[in-house]
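**Q** Residue numbers (numbering that gives the first Met the number 0), protein chains in the order written: chain A, 0 to 245; chain B, 0 to 829.
One thing to keep in mind: the hints can contain errors.
To be verified - Computed spacing ranges between beta-carbons, pair by pair: (1) A:R164 <-> B:R782: 19 to 27 Å; (2) A:R139 <-> B:R382: 41 to 49 Å; (3) B:L351 <-> A:R139: 36 to 44 Å; (4) B:G436 <-> A:A240: 39 to 47 Å; (5) A:R164 <-> B:V415: 49 to 57 Å; (6) A:V37 <-> B:G436: 23 to 31 Å; (7) A:V37 <-> B:A347: 55 to 63 Å; (8) A:R164 <-> B:L8: 19 to 27 Å; (9) A:A240 <-> B:R382: 39 to 47 Å; (10) B:L796 <-> A:R164: 38 to 46 Å; (11) A:R139 <-> B:D220: 54 to 62 Å.
Hints listed in this document are in silico derivations from the structure and should not be mistaken for laboratory results. For clarity, every value in this text was computed on a predicted model and none was experimentally measured. Beta carbons: idealized from backbone N, C-alpha and C, even for Gly.
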Amino acid sequence: MDAAAAPLNAMSNQQTASAPAPKTRDIVLKAEDLTKQVNSPEGLLTIVRSVSFDIASGERVAIVGASGAGKSTLLALLAGLDTPTSGKVWLAGTDLTGLDEDGRAKLRAQRVGFVFQSFHLVPALTALENVMLPLELAGRPDARRTAREALDRVGLRARTSHYPRQLSGGEQQRVALARAFVTEPAVLFADEPTGNLDTVTGSRIGELLFELNATFRTTLVLVTHDNALAARCGRVLRMEAGGLVA
Amino acid sequence: MTRALAIALRTLAREWRSGELGVLMLALTVAVAALTGVGFLVGRVATAVDLQAAEVLAADLRLGSPQPISDKYVEEATRRGVRTARAMALLSVVFHGEESQLTNLRAVSAGYPLRGQVFVANEPFAPGEPAHGIPGPGEVWPDSRLLAAVNASVGSQLTIGSATFRVTRVLISRPDQGGTFADLAPSLLMNIADIPATQLIQPGSRVSYRVLFAGERDRIDELKAWILANKLRSERLLDITQESPQIKSAVDRAGRFLSLASLVSVLLCAIAVAMSARRYVQRHLDSVALMKTLGATRAFTLSVSILQLLVIAVAATVIGSAVGYFAQEWLARTIRGLLNSDLPPADAKPLLVGLITAVAVIAGFALPPLLQLSRVPTIRVLRRDVGPPPPLVLLAFGPAIAAVVCLIYWVVRDGVLFMGFTIGLVAFLALLAAAGGALVALAGRLRGSVGVAWRYGVANLSRRRAESLVQIVAFGTGIMVLLLLGLVRNDLERDWRISLPPNLPNYFFVNIPPDERDAFINALRERGGQPSRVLPMIRGRMTAINGRPIESLRFNNEEGEGDAQREQNLSWAAELGPDNRVVAGRWWGPEDVGKPLVSLATEFQESLGVKVGDTLTFDVAGETFEVTIANFRKVKWDSFQPNFFIVFAPGILEHVTGTYMTSVHFAPGQARSLASLARRFPSVSIFDIEDLLDRVRSVFDKAVLAVQSVFFFTLFAGLTVMMAAVQASRDERRYESAMLRTLGASRATVLKGVLAEFATLGFLSGLLAALGASIGGYFVATRVLEMSYGFDERVWLTGAFGGALLVAFSGWLATRSVINHPPVTTLRAG
Numbered sequence: 000m001d002a003a004a005a006p007l008n009a010m011s012n013q014q015t016a017s018a019p020a021p022k023t024r025d026i027v028l029k030a031e032d033l034t035k036q037v038n039s040p041e042g043l044l045t046i047v048r049s050v051s052f053d054i055a056s057g058e059r060v061a062i063v064g065a066s067g068a069g070k071s072t073l074l075a076l077l078a079g080l081d082t083p084t085s086g087k088v089w090l091a092g093t094d095l096t097g098l099d100e101d102g103r104a105k106l107r108a109q110r111v112g113f114v115f116q117s118f119h120l121v122p123a124l125t126a127l128e129n130v131m132l133p134l135e136l137a138g139r140p141d142a143r144r145t146a147r148e149a150l151d152r153v154g155l156r157a158r159t160s161h162y163p164r165q166l167s168g169g170e171q172q173r174v175a176l177a178r179a180f181v182t183e184p185a186v187l188f189a190d191e192p193t194g195n196l197d198t199v200t201g202s203r204i205g206e207l208l209f210e211l212n213a214t215f216r217t218t219l220v221l222v223t224h225d226n227a228l229a230a231r232c233g234r235v236l237r238m239e240a241g242g243l244v245a
Numbered sequence: 000m001t002r003a004l005a006i007a008l009r010t011l012a013r014e015w016r017s018g019e020l021g022v023l024m025l026a027l028t029v030a031v032a033a034l035t036g037v038g039f040l041v042g043r044v045a046t047a048v049d050l051q052a053a054e055v056l057a058a059d060l061r062l063g064s065p066q067p068i069s070d071k072y073v074e075e076a077t078r079r080g081v082r083t084a085r086a087m088a089l090l091s092v093v094f095h096g097e098e099s100q101l102t103n104l105r106a107v108s109a110g111y112p113l114r115g116q117v118f119v120a121n122e123p124f125a126p127g128e129p130a131h132g133i134p135g136p137g138e139v140w141p142d143s144r145l146l147a148a149v150n151a152s153v154g155s156q157l158t159i160g161s162a163t164f165r166v167t168r169v170l171i172s173r174p175d176q177g178g179t180f181a182d183l184a185p186s187l188l189m190n191i192a193d194i195p196a197t198q199l200i201q202p203g204s205r206v207s208y209r210v211l212f213a214g215e216r217d218r219i220d221e222l223k224a225w226i227l228a229n230k231l232r233s234e235r236l237l238d239i240t241q242e243s244p245q246i247k248s249a250v251d252r253a254g255r256f257l258s259l260a261s262l263v264s265v266l267l268c269a270i271a272v273a274m275s276a277r278r279y280v281q282r283h284l285d286s287v288a289l290m291k292t293l294g295a296t297r298a299f300t301l302s303v304s305i306l307q308l309l310v311i312a313v314a315a316t317v318i319g320s321a322v323g324y325f326a327q328e329w330l331a332r333t334i335r336g337l338l339n340s341d342l343p344p345a346d347a348k349p350l351l352v353g354l355i356t357a358v359a360v361i362a363g364f365a366l367p368p369l370l371q372l373s374r375v376p377t378i379r380v381l382r383r384d385v386g387p388p389p390p391l392v393l394l395a396f397g398p399a400i401a402a403v404v405c406l407i408y409w410v411v412r413d414g415v416l417f418m419g420f421t422i423g424l425v426a427f428l429a430l431l432a433a434a435g436g437a438l439v440a441l442a443g444r445l446r447g448s449v450g451v452a453w454r455y456g457v458a459n460l461s462r463r464r465a466e467s468l469v470q471i472v473a474f475g476t477g478i479m480v481l482l483l484l485g486l487v488r489n490d491l492e493r494d495w496r497i498s499l500p501p502n503l504p505n506y507f508f509v510n511i512p513p514d515e516r517d518a519f520i521n522a523l524r525e526r527g528g529q530p531s532r533v534l535p536m537i538r539g540r541m542t543a544i545n546g547r548p549i550e551s552l553r554f555n556n557e558e559g560e561g562d563a564q565r566e567q568n569l570s571w572a573a574e575l576g577p578d579n580r581v582v583a584g585r586w587w588g589p590e591d592v593g594k595p596l597v598s599l600a601t602e603f604q605e606s607l608g609v610k611v612g613d614t615l616t617f618d619v620a621g622e623t624f625e626v627t628i629a630n631f632r633k634v635k636w637d638s639f640q641p642n643f644f645i646v647f648a649p650g651i652l653e654h655v656t657g658t659y660m661t662s663v664h665f666a667p668g669q670a671r672s673l674a675s676l677a678r679r680f681p682s683v684s685i686f687d688i689e690d691l692l693d694r695v696r697s698v699f700d701k702a703v704l705a706v707q708s709v710f711f712f713t714l715f716a717g718l719t720v721m722m723a724a725v726q727a728s729r730d731e732r733r734y735e736s737a738m739l740r741t742l743g744a745s746r747a748t749v750l751k752g753v754l755a756e757f758a759t760l761g762f763l764s765g766l767l768a769a770l771g772a773s774i775g776g777y778f779v780a781t782r783v784l785e786m787s788y789g790f791d792e793r794v795w796l797t798g799a800f801g802g803a804l805l806v807a808f809s810g811w812l813a814t815r816s817v818i819n820h821p822p823v824t825t826l827r828a829g
């Protein structure tokens, strides 16, 4: 299903970004019959319905669909930010549904990076300190130097001591990208990373995202409305009313 | 844990730099400053008032005995760093040539008086000047009455027992001349080393031996406990509370007021912490969710939050204590002139109290929201509307309630008062919440009829129902305790002023024989005196309670024993004095004349352990009277009117030959003519309480000043705390202000809206606070301070409009900067 769903231009894009194809077809993320229901005033609401798929290490996958289709909820379930009503998720060989909240947090600290639509930078911390945060949480000794390099890589060397409110939207998202990649995660989840940005800035951020992804050989799971961005992924999963459509 | 600490400190430092911690730090610092500042001042003022009161005893403690007192007490006191002096009191006849007079001899050792001053002069009834030291060997200082009675003057030789002494000064007053009528004879001060030469001490002679103690309060308290554990049964330990009921009453009430002020500052502190902790949690929801997304465990985020808060608490305590100390020091210096003396230095106890209170309040009020914070779901990073799960009610309010309840008990240390305060507070909070909810709903309905700014402000109130309710409760409690303190202060001062008018009788005349009564009263009038009521008085001894002889009875304490065995002054009366209140039983009417009934002061009820209906047997001039206790009276001793512990119904004692007493106010100049009066009516005892009145006035003045300064200090602290609390709601308004301005509202419109919202909030809180303060004031006045309470309608105006002004002003201060910022910065920051 993955090869069939992958648009040709995405394949070529992958080649132009000179990302090496995965050597083995190791499964890094696996969803099995994933369902999420919530109580609402109208009764039980099914947001994600029996979703199953595998994502191989190094793969780039876009999850697309209309607003309210359940994309963000699916992303949350895959990243262990939320628990499914039924079904299972394996992340880097570990069954997420078998872990408690702290167990999932530890796994995220080791293997997962995030980029959000609304950037989610800590307002009280400078750009550099925001990037240092995951390193510090993981107990890395060289946090400052590594974070500085990461900011350097996204072109914000001159902005290290700025607070989020002193940065433009594009700059904030670049800081978020630096923060996401600084721990060299196995899987990077991105939730509408360009959704809050204008077209030009959005496309620049997209470039940067794929560039970093290629450099670090990260598996990318991207939720987006942006067709251009989706088109650059190796595979596109389309969601409708909580389910995947072919 | 080390990693948590490292991250906690690092993020704390960063948050500090970014200004994020400002509000929490400010609120906590102000709260601790208020608490310790009031604590320091209360401690110093209480010590000053105690010192003043201790002058009546010439010491902090006095041990008395009919036998010579062992040196072990003096040695123990010296070992503990407490000063001592010895004194003896005995009755003996003093001769000057042919003239003689029964005199109260006071023999004292060097160091006397340990508290207060002896005043002397060179001629009788003259204004005194402070004496240096005590009479030297061979010298005596007789008082004016004694000199008048034996017709002597400075330089005369007086014979006491086997020795002769030279009069070197006239004793005008000594601090311990007493507020009761025990010492009716004139007195004479002499050196204790001269006593053996007089050969007055023989087996069987009635001598009272005394040791005086004075020192720091803690040491005195410890010594007191030690003496009580080691003293003989015949030895009696007195402190100020037993010696002068008038001063004790004033000191007690001042002390209770000051405790109340401390309590108010604790509650203000709690409000500030509760409000700022809420804000802290609100602002950290995103950060914590993000940290968890990035891989932090729940325990880790919780440790980081707790460590951060702990650091903040310690920092706020240190800074707050320093601010509190310097603020009260400044105040103490300011009022020094008014006090005519320096306040004693502050001790370090309030620092500890401040730290413990800060930690307790933070633990109680900030821990539950922090626990909530660590439970914020990670999904919040994707969906901002998701907050932490609702708290368990017990977990959310349990620690806070426990913290406040413990603190209240710690401050008041009085079971009944504590229960009353706690129940009252809980009831008030419930009332605030219920009435607040109703008022908010009502405000929502009114919004159609007001302008755009008001509509926006009032709409905010009803839309943010829960928030508004929290704020009404916080502001309402704050305003209520301040109003309450203000009301009580007014009542207390008024009560004191009424009880000590300038023309209060300052001379008491006791032992007026019935056949000289009219002549004496006329003589007083000739000298410009206006005698108040002339009361009968007769000495008598209690011989049995409920038919059982006194000797066979065991009493709960020494006071009971003393009260039962001592000869008492008895009186009778048909009317209940205005300064007396019947607390049990009923006062007699015309139909009870001649019935064997007696009324006792409540002090006797406690010490004798008797109840209404019990019978007492008295021996009065050889005649036996068996009377039934008809009622107990609470006597306001600080009214300074003649009052008796034991009052009979009329028609029982009249036929027994007694004497009369009366009291007069003499201006200082008029008193000199009393020397001739004393000569003309030798059997009448003149009792000068001007000195005691001065002393009590001085205690009252200090107490009033203390109450005023502590009140204003607490008020100021309260206002600052409230402002800090308003700051806590600042974020909620930021975004909306920016939005409104983006939509085209002028800054003035937005500002008006904010002011409308806060003013309405303050008005509603103030209205409820006035209700709470009126009811609370009644209970505090009547139950705690034991005085009458006048409902003051001005409290409603002060509460409602003061509240509106105060909260609106604080709100304006808090949101001013937000409104002045370009909206784009606020909107961009989200």
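**Q** Range first: 39 to 47 Å. Now tell me if the beta carbons of G436 (chain B) and A240 (chain A) are that far apart.
**A** Check passed, 41 Å falls within 39 to 47 Å.
**Q** Per the hint of 39 to 47 Å, is the separation of the Cβ atoms of A240 (chain A) and R382 (chain B) within bounds?
**A** violated, 19 Å
**Q** Please check whether R164 (chain A) and V415 (chain B) have a Cβ separation lying inside 49 to 57 Å.
**A** With Cβ atoms ~56 Å apart, the hint holds.
**Q** Could you check the hint for me, namely that R139 (chain A) and D220 (chain B) are 54 to 62 Å apart, CB to CB?
**A** holds, 58 Å
**Q** Against the range 19 to 27 Å, how does the distance between the Cβ atoms of R164 (chain A) and R782 (chain B) compare: consistent or not?
**A** With Cβ atoms ~55 Å apart, the hint is violated.
**Q** Quick check: does the Cβ-Cβ distance between R164 (chain A) and L8 (chain B) fall within 19 to 27 Å?
**A** holds, 24 Å
**Q** Taking the Cβ atom of V37 (chain A) and the Cβ atom of G436 (chain B), is their distance within the range 23 to 31 Å?
**A** holds, 30 Å
**Q** State, for the Cβ atoms of V37 (chain A) and A347 (chain B), whether the hinted interval 55 to 63 Å holds or is violated.
**A** Holds - the Cβ-Cβ distance for V37 (chain A) and A347 (chain B), about 57 Å, lies within 55 to 63 Å.
**Q** Quick check on a hinted range of 36 to 44 Å for L351 (chain B) and R139 (chain A), using CB atoms only.
**A** Because 42 Å falls inside the window, the suggested range holds.
**Q** Starting from the hint 41 to 49 Å, judge whether the C-beta atoms of R139 (chain A) and R382 (chain B) obey it.
**A** violated, 30 Å
**Q** Regarding L796 (chain B) and R164 (chain A), is the given constraint of 38 to 46 Å on their beta-carbon distance met?
**A** Since L796 (chain B) and R164 (chain A) have Cβ atoms about 44 Å apart, the given range 38 to 46 Å holds.
Checked against the numbered hints above, the structure violates hints 1, 2, 9; every other hint is satisfied.
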